[in-house]
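Asker: First to last, the sequence lines map onto chains Z and P. Using the working numbering, the first residue of the first sequence is number 1, and each one after it goes up by one. Using the working numbering, the first residue of the second sequence is number 1, and each one after it goes up by one.
Check before you lean on any hint, since a few could be wrong.
Which chain P residues face chain Z? A few, computed with CB under 10 Å, are given here [what the hints assert, rightly or not]:
| hint | residue |
| --- | --- |
| 1 | L60 |
| 2 | R62 |
| 3 | T64 |
| 4 | E80 |
| 5 | I93 |
| 6 | N98 |
| 7 | R103 |
| 8 | E114 |
| 9 | A116 |
| 10 | V118 |
| 11 | P144 |
| 12 | R159 |
| 13 | A160 |
In short, the hints are calculated from the structure, not lab data. Beta carbons: idealized from backbone N, C-alpha and C, even for Gly.
Given next are the chains, with one letter for each unit.
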Amino acid sequence: MSEFFISLFEGWGFLKVPEQIEYLSDFGALAFNIWETIYVPALATLFAYIIGLPLGIILVTGEEGGVSPMPKVLMDVLNTIVNLLRSVPFLILMVMVIPLSRLILGTSVGTAATIVPLTVAAAPYVARLVEISLREMDRGVIEAAQAMGCSPWQIVTKVMLPECRPSLINGLTNASITILGYGAMAGAIGGGGLGSVALMRGHGRNQKIVMYAAVIILVILVQVIQSIGTAWSVKSDRRINNNTKSKRRKSL
Amino acid sequence: MRVSEAIIQIQHLSKTFGGGEDAVHALEDISLEIQQGEIFGIIGLSGAGKSTLVRCMNLLERPTAGTVLVDGQDLTSLSEKELRLARRKITMIFQGFNLLMQRTCLKNVCFPMEIAGVPSAQAKKRAGELLELVGLGEKAAAYPAQLSGGQKQRVAIARALATEPKVLLCDEATSALDPTTTVSILGLLKELNHRLGVTVVVITHQMSVIEEICSRVAILDGGSVAEMGEVQEIFSNPTTDAARRLVYPGGVSAVQMPESARVVRISFNGGTAYDPLIASLAIDCGVKVNILGADTRNVGGKAVGTMLLGLPAHPSEAAKALSYIRAQKNITVEEVPDYHE
Ligand SMILES: Nc1ncnc2c1ncn2[C@@H]1O[C@H](COP(=O)(O)OP(=O)(O)OP(=O)(O)O)[C@@H](O)[C@H]1O
Ligand SMILES: [Mg+2]
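Use the sequences and the hints to build the structure in full.
Answerer: In structure tokens form, the structure reads like this:
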């Protein structure tokens, strides 16, 4: 079996084919790299939302004329921080937050340590995504809620977030995919996962087959996340006439 | 509770947006009283300040000056928290319905009760009853996107009634609806006013809406009240320019230029229509008058309207015609000093 591939790839002009096939057929090693590629961005996404979701909400509710206006100075500071963090290239940011990683995790190297720079880079991005979603909110509905005696907290939790759910889900999909991409980049500074495999083996050791395989797996992961996210968003959106669709399906 | 008790008292209310040179004086020194249980109309052209006024009634907009008393409570003196409680008693419906699109109709009606801390089971039961009341019992599980405009407004009305309000504010509630649906929504408001005793404040730029359901009306023009009183009185005999513009949107058009020296405006305050008057003028006193323009309408089942008459050039004939018209019941005569057009 593997001999067939070896002669096939060698016939195509690839070098060092046997060791690459050996790596790719070691299911445990590959699976572990895939697992790292998923769990690191997943955790980073979670932490980015823990910071970015409230921040995004404040960016909308705290502005002048918002549900709960905040001092303009504070809003300016928040906006500036978000913009600054977003304008630092990720590779540079990763180096810049090394002291922070040491502080939080006690180490700045290794797969888990990349969660810190990923979170720092993604949180302001998530804040903007949340902000964009919440700005789609119909002002009239918020006004109606205020007229019914909703507190700002109730407006956020019972009106804005539920009403913007489809758009927030799209944002989450978008954020996960972006963080997955950043996570692959983190391979450059010693993070694990497919990104590091593609870099170390593909580039470093000229194992091009492994590199293509890693990239193909990343592409598939992105496709899967996008499909699940879109389907979830559409399914959760009650403005789309789900009932008639399902009725039609039943009658067919 | 006496019927004549004022539920809303607005005193010297002013609202200015912005400051300095760009300041917009949306409302200037408005004072009015709305009685418990009545259907009160506020009419005015676009930009007159109607929405601002109604938003001042539940303090969605904080007045620059003046007080707003609802059910004896001065809203301007309340803290944010007290204000939120007070707002349960003065609810609102809108031109754009403003329903929660991700909730079923039943859940929409439950919403204000959820906010007020009503236990879920109890809220659901009451929401179901309210949907029945507005004629949408079978739509409880539907989402707003599946409803027509009229149905959406019915859900909004049910939602507005959930906290048993004393006042229902309607800001252009029928402006997005077709005429037939408008009539049915107005009918519903009238019925609710009758059955539940809820005071209804109707904001509109449509005369027909006021005629259909209001007992009293305030005409808003450029941020102040131009005229206020019984609908029939105001519509049959508008005395200010603002009122005339609304009552006769097309203007009282001149049909033919008068050779006559004097022009009078006669107003019909219910009772007979105007056609027989002109005929009987000719028959009874042998005087012919020019009809320069006329506009009549039906208010509360009675014919009201005005007509511009050009009196004969001869002074004695003119006087004869005038005294004949003055003798008629339900007709008021007013001379138009500088008639031209
Ligand atoms: N938030 C605001 N900031 C500045 N100006 C405002 C604001 N809201 C209203 N205005 C101004 O106040 C005036 C009255 O507006 P308002 O919305 O009350 O009019 P309206 O009678 O309801 O008109 P329409 O029939 O078009 O709804 C307008 O000149 C408007 O431009
Ligand atoms: Mg308005």
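Asker: State for each hint whether it applies.
Answerer: Verification of the hints:
no.: 1; hint: L60; result: holds, 6 Å
no.: 2; hint: R62; result: violated, 12 Å
no.: 3; hint: T64; result: violated, 17 Å
no.: 4; hint: E80; result: holds, 8 Å
no.: 5; hint: I93; result: holds, 8 Å
no.: 6; hint: N98; result: holds, 4 Å
no.: 7; hint: R103; result: holds, 7 Å
no.: 8; hint: E114; result: holds, 7 Å
no.: 9; hint: A116; result: holds, 7 Å
no.: 10; hint: V118; result: violated, 13 Å
no.: 11; hint: P144; result: holds, 8 Å
no.: 12; hint: R159; result: holds, 8 Å
no.: 13; hint: A160; result: holds, 8 Å
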